[in-house]
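Going down the list, the protein sequences come from chains R and Z. The first sequence begins at 52 in our numbering and counts up by one. The second sequence begins at 52 in our numbering and counts up by one.
For the record, the hints were derived by calculation from the structure and aren't laboratory data. Some hints could be false.
[As the list claims (entries may be wrong)] Sample of chain Z residues at the chain R side, in silico, Cβ under 7 Å:
hint, residue
1, Ser143
2, Leu145
3, Leu146
4, Ile148
5, Lys149
6, Glu150
7, Ala172
8, Gly397
[Stated by the list, open to error] Here are the simulated DSS-like pairs of lysine-lysine, each with C-alpha atoms no more than 25 Å apart in a straight line:
hint, chain 1, residue 1, chain 2, residue 2
9, R, Lys430, Z, Lys192
10, Z, Lys115, Z, Lys95
11, Z, Lys388, Z, Lys494
12, R, Lys149, R, Lys192
13, R, Lys192, Z, Lys430
14, Z, Lys95, R, Lys331
15, Z, Lys508, R, Lys192
16, R, Lys508, Z, Lys237
17, Z, Lys192, R, Lys426
18, Z, Lys95, Z, Lys134
19, R, Lys237, Z, Lys508
20, Z, Lys293, Z, Lys382
21, R, Lys199, Z, Lys430
22, Z, Lys192, R, Lys421
23, Z, Lys331, Z, Lys358
24, R, Lys508, Z, Lys508
25, R, Lys322, R, Lys388
26, Z, Lys539, Z, Lys354
27, Z, Lys426, R, Lys192
28, R, Lys388, Z, Lys134
29, R, Lys149, R, Lys123
30, Z, Lys149, Z, Lys322
31, Z, Lys134, Z, Lys192
32, R, Lys430, Z, Lys199
33, Z, Lys201, R, Lys430
34, R, Lys201, Z, Lys430
35, R, Lys539, R, Lys494
Glycine included, every Cβ here is placed at the ideal spot set by N, Cα and C.
Protein chains: 2
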Amino acid sequence: MACLCVELIQVTVFNCRGLFLEKVFWGANSTFRIMTLEKFFNPKSVAVIGATENPQNITSAIIKNLIETGFKGRLVPVNPKYKEVFGFMCYSSLLDIKEQIDLTVIAIPSNLVPEALSQQATCGIKNSIIVSGGFGELGDKGMALEEKIKSICRKEGIRVIGPNCIGVLDNYSNFSTSFLPWTRVKRPIKGYLSILSQSGSYAISVIDMLAQEGIGISKIVNYGNRADVGESELIEYLTDDKSTHVIGIYMESVDDGRRFINAASHCSRSKPMIVLKVGKGDSGIDAARSHTGAIAGKYEIYKAAFKKSGIVEVSGFEEFTDACKVLLMQKPVRGNKILIITNGGGVGVAVSDMCGVNGLDVARTPSSVKEALSKRFSKYYILNNPIDLTGSAVDEDYDVAMKSVLVDNDFFDAAIVIPLMPPQTMTERVVEIISQRAIESGKPVVICTIGGEYTRKIKVMFEENGIPVFPSPERCVKAMCVLVERGKFIQNRGILS
Amino acid sequence: MACLCVELIQVTVFNCRGLFLEKVFWGANSTFRIMTLEKFFNPKSVAVIGATENPQNITSAIIKNLIETGFKGRLVPVNPKYKEVFGFMCYSSLLDIKEQIDLTVIAIPSNLVPEALSQQATCGIKNSIIVSGGFGELGDKGMALEEKIKSICRKEGIRVIGPNCIGVLDNYSNFSTSFLPWTRVKRPIKGYLSILSQSGSYAISVIDMLAQEGIGISKIVNYGNRADVGESELIEYLTDDKSTHVIGIYMESVDDGRRFINAASHCSRSKPMIVLKVGKGDSGIDAARSHTGAIAGKYEIYKAAFKKSGIVEVSGFEEFTDACKVLLMQKPVRGNKILIITNGGGVGVAVSDMCGVNGLDVARTPSSVKEALSKRFSKYYILNNPIDLTGSAVDEDYDVAMKSVLVDNDFFDAAIVIPLMPPQTMTERVVEIISQRAIESGKPVVICTIGGEYTRKIKVMFEENGIPVFPSPERCVKAMCVLVERGKFIQNRGILS
């Protein structure tokens, strides 16, 4: 059995561009694990090449961020100019460091990178995050330099994230190579979402938005020009990562189509995956080539690959963060019959309309249920689907409706609940009522509520109860579509949710 | 000449469902104006039927709102139960009031409404906002009651907004029939956008969002079941309203197709109009029928009518508010060549891609301009369109790029500028720089910047300078599309912008 596993590992090794994969065997009973990418996320010791306290230099920001956010590993600045950097002993060269270094962080001019890598090879350091730009994204000239560093790494068995990237953020090890100040970008809390992004600016924007939304992050990787480690291998790694429950990917191009489909098909059986693919039209393809040297290729092929792999594809920034959120907070829908309950008729109409346009079934409320409800409700209330409790609704009306239609009856598979808070007949108690009934029903429930400050307060209260809130009919329905799509995938593949 | 005008007025009178239109002649030189709807927005005296201080009753909230927001007209409570309501003398019946009343506000049980209208007819009061529900939205039974009130109004020449509505908000006269507390819904500032909405909840949600965005409002009308006054006549009225520059419409159905197209075609020549049509699919059509009794009809016919009338159609809540905002803040684009400038490559790629998907032309930067720029910029900067100033950009790079490409050169018709603020090399000064160059160029500029708290601060600063900001590539590009569509319309119709 152990032998079989070793063989399997070796198959993986050969698939991986011929690069050496470090293998670690744990324990006497042959339990073992490939540690290939682990040191990018949880290094015990990190050498920062070209380290300085000069605020104009990004190594300074990287080190300050690591200190401030409580990275527990050893920090080793390397720069012949200094004896000490931010209180840490600074070495002239990697060659002077006696102890084992897990990872280098390289943020120096691009023409100096090959030399740094060669030195690192001499020291037996097998992992590097190359933050520096000035490679393939510059066209032919930069590409030659990129090929040079690829060749060194291939020869020396060095694994690389980058170049031209921000690198890594791990909220569990507190390791991060971000050089952006947390005063300008809110650092997200610890959680279960991991993000893979070819683009650094996109990754940072997503981080800031997710932090704002209170969505917890496990890991974020921005791999830029992707000279070595790309999304396929990262997906393989995250498939086994306990703190990753959902994976979101921003993609300009894919590293290795076949490997990607294999990795994603395997991963998506246990973990929902979302992708935002750019480079759909000529202008996007052009821009992607200039940005990370990516050859975006035919969009239709990507589309088919995502579908085949069980990845939910989204078409924009808000849809991306919404899909991540809803998949983290709610389980997939087993079916397609969606109940809508509201105290705002017009918003109910808009949600119903969007459901129809997106293929969700706004089935009529069964007559037996309508009959029962009509005894409890004013004649003004509309009991078709949407159930419109009108502007006169009080909190308890939501209780009655949700209990009868969602808890005591299995006709509907999920619900979109739209408690609009402007009428004073509605109080904050409705949050507890709806949340409680949603949990009791065992069915996915998402909330749509629109408005300013007061509505945002209500949103936070719902989300503290684990019920996701979306700020418009369109975003709410799209989020429900994601749960329905995930549900279909699970049922088609015979996966237990 | 005067006679001709009188004839024209009379044509309008006969088109209007046979209802009597009040005509007011001003001055000795035959200057005159139809005052039909004026009293709904700026009544000198308002009788509130069923007025009470009981907080459970919505008349109480209506009166309190009027007092708090400084309505200058006379407020006349009517209720046989009280001598005084909120300090105002209360009358037993409309018949007891000696002075002229411009408008009644009716928020009493639906079965009592016909009697109130008959009494109002006796007093010669020609305008009424019927807030009460319990009419056509309830189906056949309610429809009979609605027909009854329509018949009374037709016979007596009473003009009605409603029933089943919130009514009116006018930010210039401070008149409003809203019964929703401004503690829960932010009241928008005075401005130039007017909103027409069949749905009350939609209107309130839009108000709250617009107030949050700092967008100024002129008038908002929610007409609910639309027994009489509908969007066509309101558009005619707003065409001449000086404080309305842009009109946004939320529509379930249209009152009178031909009149709507005529009114909108005329209005949209001088004022941009935006519509969000719901009831596109069966579920939405069904829901609309239950909501306001609206027969939503074939969506394709609406689509063609909007196009014919020069109305910009949007497909969701955010798109609606974004379109209103961009049309208020920027002028139409004369062409289709869009420049993109960013310091975030990935977001630039996403914007470029969305432009392509939406038919905008992300034309290459002319070589002469590229050559000039290459002398000023680092070799890492990408000078194709998008111009990517990379994560190393400083404020002045935006100045150089915008001056060369947008101010000194007429190749591009408009620009999407994407200043991402996380890098510390970017400071708040960039807001002044970009705003200044945008104004100097004389071309429409919209900003895309993504993120949390710090980014929102930058957003507010840009918008204080009149440059609209959108929080994602998709929303920003859609907003630019609105300006391009408006530009095409203006050029096709030979209208001077």
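Hint check results:
Given the 7 Å rule on beta carbons, the hint for Ser143 (chain Z) is violated: about 27 Å separates it from the nearest Cβ of chain R. For Leu145 (chain Z), the shortest C-beta to C-beta distance to chain R is roughly 26 Å, which exceeds 7 Å, and the interface hint is violated. Nearest Cβ of chain R to the Cβ of Leu146 (chain Z): about 30 Å, over the 7 Å cut. The hint is violated. Restraint check, Ile148 (chain Z) versus chain R: the minimum CB separation of about 29 Å is more than 7 Å; hint violated.
For Lys149 (chain Z), the interface hint is violated, since its Cβ never comes within 7 Å of a Cβ in chain R; the closest pair sits about 35 Å apart. Annotation: interface hint on Glu150 (chain Z) violated; nearest CB of chain R at approximately 32 Å, more than 7 Å. With a least beta-carbon distance of about 27 Å to chain R, the hint placing Ala172 (chain Z) at the interface is violated under the 7 Å criterion. The beta carbon of Gly397 (chain Z) comes within 2 Å of a beta carbon in chain R, closer than 7 Å, and the hint placing it at the interface holds.
Of the pairs offered as hints, the one joining Lys430 (chain R) and Lys192 (chain Z) holds, with about 11 Å between alpha carbons and a cut-off of 25 Å not exceeded. For the given pair, Lys115 (chain Z) sits about 18 Å from Lys95 (chain Z) by alpha-carbon distance, which is consistent with the 25 Å threshold. Simply put, Lys388 (chain Z) and Lys494 (chain Z) have alpha-carbon atoms about 11 Å apart, close enough for the 25 Å limit, and the pair holds. A threshold of 25 Å between alpha carbons decides the hint, and for Lys149 (chain R) with Lys192 (chain R) the separation of about 36 Å lies outside it, so the pair is violated.
A hinted pair counts as satisfied when its Cα atoms are at most 25 Å apart, and Lys192 (chain R) with Lys430 (chain Z) qualifies at roughly 11 Å. Proposed proximity of Lys95 (chain Z) and Lys331 (chain R) is contradicted: the alpha carbons are some 58 Å apart, above 25 Å. Proximity of Lys508 (chain Z) to Lys192 (chain R) is assessed by CA-CA distance (about 40 Å); at most 25 Å being required, the pair is judged violated. Between the alpha carbons of Lys508 (chain R) and Lys237 (chain Z) the distance comes to roughly 14 Å, so the proposed pair stays at or under 25 Å and holds.
Note on Lys192 (chain Z) and Lys426 (chain R): the hinted pairing holds, with a Cα-Cα distance of about 18 Å set against a maximum of 25 Å. Between Lys95 (chain Z) and Lys134 (chain Z) the alpha-carbon distance is near 22 Å, which keeps this suggested pair within the 25 Å criterion. The hinted pair formed by Lys237 (chain R) and Lys508 (chain Z) meets the criterion: a straight-line CA distance of about 14 Å does not exceed 25 Å. About 18 Å separates the Cα atoms of Lys293 (chain Z) and Lys382 (chain Z), which keeps this hinted pair within 25 Å; it holds.
The straight-line distance between the Cα atoms of Lys199 (chain R) and Lys430 (chain Z) is roughly 20 Å, inside the 25 Å bound, and the hint therefore holds. With a CA separation close to 18 Å, the supplied pair Lys192 (chain Z) and Lys421 (chain R) stays within the 25 Å bound. For the suggested pair Lys331 (chain Z) and Lys358 (chain Z), the alpha carbons sit about 16 Å apart, so the restraint of at most 25 Å is met. At roughly 20 Å between alpha-carbon atoms, Lys508 (chain R) and Lys508 (chain Z) fall within 25 Å of each other, so this suggested pair holds.
About 24 Å separates the Cα atoms of Lys322 (chain R) and Lys388 (chain R), which keeps this hinted pair within 25 Å; it holds. A distance of roughly 17 Å separates the Cα atoms of Lys539 (chain Z) and Lys354 (chain Z); the hinted pair therefore holds under the 25 Å criterion. Proximity of Lys426 (chain Z) to Lys192 (chain R) is assessed by CA-CA distance (about 18 Å); at most 25 Å being required, the pair is judged to hold. A distance of roughly 54 Å separates the Cα atoms of Lys388 (chain R) and Lys134 (chain Z); the hinted pair therefore is violated under the 25 Å criterion.
Proposed proximity of Lys149 (chain R) and Lys123 (chain R) is supported: the alpha carbons are some 20 Å apart, at most 25 Å. For a cut-off of 25 Å, the pair hint linking Lys149 (chain Z) to Lys322 (chain Z) is broken: about 41 Å separates their Cα positions. At roughly 36 Å between alpha-carbon atoms, Lys134 (chain Z) and Lys192 (chain Z) are farther apart than 25 Å, so this suggested pair is violated. Of the supplied pair hints, the one linking Lys430 (chain R) and Lys199 (chain Z) holds, its CA atoms being roughly 20 Å apart against a limit of 25 Å.
Note on Lys201 (chain Z) and Lys430 (chain R): the hinted pairing holds, with a Cα-Cα distance of about 22 Å set against a maximum of 25 Å. A hinted pair counts as satisfied when its Cα atoms are at most 25 Å apart, and Lys201 (chain R) with Lys430 (chain Z) qualifies at roughly 22 Å. Pair hint Lys539 (chain R) plus Lys494 (chain R) holds up; C-alpha atoms about 15 Å apart against a cutoff of 25 Å.
Hints 1, 2, 3, 4, 5, 6, 7, 12, 14, 15, 28, 30 and 31 from the earlier list are contradicted by this structure; the remaining hints agree with it.
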